[in-house]
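A.B. asks: Work the whole structure out from these sequences, hints included.
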Amino acid sequence: HLGLKWARPLPLVPKPDMKIHVASYRELCEYGAERNVQLLVENYGWMQSDPGSVVKLVKAIGENVAACPDTGNWDSEEIRYAGLKKTFPIAVTCDFKARNLGPRGEHPLYDLKRCFEIGWQAGFRGPWCFEHANKDRKALFKELLLLRKSLETWMQEAAKQSS
Numbered sequence: 002h003l004g005l006k007w008a009r010p011l012p013l014v015p016k017p018d019m020k021i022h023v024a025s026y027r028e029l030c031e032y033g034a035e036r037n038v039q040l041l042v043e044n045y046g047w048m049q050s051d052p053g054s055v056v057k058l059v060k061a062i063g064e065n066v067a068a069c070p071d072t073g074n075w076d077s078e079e080i081r082y083a084g085l086k087k088t089f090p091i092a093v094t095c096d097f098k099a100r101n102l103g104p105r106g107e108h109p110l111y112d113l114k115r116c117f118e119i120g121w122q123a124g125f126r127g128p129w130c131f132e133h134a135n136k137d138r139k140a141l142f143k144e145l146l147l148l149r150k151s152l153e154t155w156m157q158e159a160a161k162q163s164s
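Under this note's numbering, the sequence shown has 51 at position 50, and the numbering climbs by one with no breaks.
Treat the hints loosely; a few may be bogus.
Heads up, simulated DSBU-like pairs for lysine-lysine below, C-alpha to C-alpha not over 35 angstroms straight-line [said to hold, decoys possible]: (1) LYS139 / LYS57; (2) LYS6 / LYS20; (3) LYS136 / LYS6; (4) LYS114 / LYS161; (5) LYS86 / LYS16; (6) LYS57 / LYS6; (7) LYS86 / LYS20; (8) LYS16 / LYS6; (9) LYS60 / LYS86; (10) LYS57 / LYS98; (11) LYS143 / LYS6; (12) LYS86 / LYS114; (13) LYS161 / LYS139; (14) LYS6 / LYS60; (15) LYS98 / LYS16; (16) LYS16 / LYS136; (17) LYS98 / LYS139; (18) LYS161 / LYS150; (19) LYS114 / LYS16; (20) LYS60 / LYS16; (21) LYS60 / LYS143; (22) LYS6 / LYS86; (23) LYS143 / LYS161; (24) LYS114 / LYS150; (25) LYS143 / LYS114; (26) LYS60 / LYS20.
Hints were generated in silico from the structure; no laboratory data involved.
C.D. replies: Right, dumping it as structure tokens:
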């Protein structure tokens, strides 16, 4: 056992030869399975422009593989929300990416709450792994706290609505 639950290969930006890509992923999945590690597919690189790319690749690979949607890695708003709707039903984790945040946690680049709601409506309950950076360490910790509080509030509201 390697001490981790998941591993994610980093895809290239240009679309690869899919026969080779799928075969390589399957080989990694077999290697991972022997060590109790599941492989992940994330919408990155060539996959960012196709809302169905993660689901298609996971299905093509077959075993010991799951989805990890990244809320920030889509080429447009339309593709982002369509991609999340397709990917969250088979997700085991999520990179909940926030770019620049305002002082009260507002995120002008795209709607973080909508990303959360799409996941929640698909039955995804976490983990929601924050992916966020700020060169100012003090500001970073404040922003991570804002993200955590937002997510906690949204989960409580969603749980009340579904009960």
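A.B. asks: Hint by hint, note whether the structure agrees.
C.D. replies: Evaluated hints:
1. This hinted pair does not check out: LYS139 and LYS57 have alpha carbons roughly 41 angstroms apart, beyond 35 angstroms.
2. Taking the CA atoms of LYS6 and LYS20, the gap is near 26 angstroms; set against the 35 angstroms cutoff, the hint holds.
3. At most 35 angstroms may separate the alpha-carbon atoms for a hinted pair to count; LYS136 and LYS6 meet this at roughly 29 angstroms.
4. With a C-alpha separation of about 16 angstroms, the suggested pairing of LYS114 with LYS161 holds against the 35 angstroms cut-off.
5. For the given pair, LYS86 sits about 22 angstroms from LYS16 by alpha-carbon distance, which is consistent with the 35 angstroms threshold.
6. Between LYS57 and LYS6 the CA atoms are separated by roughly 22 angstroms; this keeps the pair inside 35 angstroms, and the hint holds.
7. Our distance criterion of 35 angstroms between C-alpha atoms is met by LYS86 and LYS20, whose separation comes to about 26 angstroms.
8. Between LYS16 and LYS6 the alpha-carbon distance is near 27 angstroms, which keeps this suggested pair within the 35 angstroms criterion.
9. Taken as a hint, the LYS60 and LYS86 pair is honoured in the structure, with Cα atoms around 16 angstroms apart against an allowance of 35 angstroms.
10. In summary, the hint linking LYS57 to LYS98 is supported, as the alpha carbons are separated by about 22 angstroms, within the 35 angstroms threshold.
11. With a C-alpha separation of about 29 angstroms, the suggested pairing of LYS143 with LYS6 holds against the 35 angstroms cut-off.
12. Between LYS86 and LYS114, the direct Cα distance comes to roughly 14 angstroms. Compliance with the 35 angstroms bound is thereby established for this hinted pair.
13. A hinted pair counts as satisfied when its Cα atoms are at most 35 angstroms apart, and LYS161 with LYS139 qualifies at roughly 33 angstroms.
14. The straight-line distance between the Cα atoms of LYS6 and LYS60 is roughly 20 angstroms, inside the 35 angstroms bound, and the hint therefore holds.
15. Distance hint between LYS98 and LYS16 is fulfilled; the C-alpha atoms sit about 23 angstroms from each other, no more than 35 angstroms.
16. A distance of roughly 32 angstroms separates the Cα atoms of LYS16 and LYS136; the hinted pair therefore holds under the 35 angstroms criterion.
17. At most 35 angstroms may separate the alpha-carbon atoms for a hinted pair to count; LYS98 and LYS139 meet this at roughly 19 angstroms.
18. A threshold of 35 angstroms between alpha carbons decides the hint, and for LYS161 with LYS150 the separation of about 17 angstroms falls inside it, so the pair holds.
19. Between LYS114 and LYS16 the CA atoms are separated by roughly 30 angstroms; this keeps the pair inside 35 angstroms, and the hint holds.
20. As the CA atoms of LYS60 and LYS16 are separated by approximately 17 angstroms, the hinted pair is consistent with the 35 angstroms bound.
21. Of the supplied pair hints, the one linking LYS60 and LYS143 is violated, its CA atoms being roughly 39 angstroms apart against a limit of 35 angstroms.
22. Between the alpha carbons of LYS6 and LYS86 the distance comes to roughly 24 angstroms, so the proposed pair stays at or under 35 angstroms and holds.
23. As the CA atoms of LYS143 and LYS161 are separated by approximately 27 angstroms, the hinted pair is consistent with the 35 angstroms bound.
24. Proximity of LYS114 to LYS150 is assessed by CA-CA distance (about 12 angstroms); at most 35 angstroms being required, the pair is judged to hold.
25. For the given pair, LYS143 sits about 18 angstroms from LYS114 by alpha-carbon distance, which is consistent with the 35 angstroms threshold.
26. A C-alpha spacing of about 13 angstroms is found between LYS60 and LYS20, which places the hinted pair at or below 35 angstroms, so the restraint holds.
In summary, the structure is inconsistent with hints 1 and 21 from the numbered list given earlier, while agreeing with the others.
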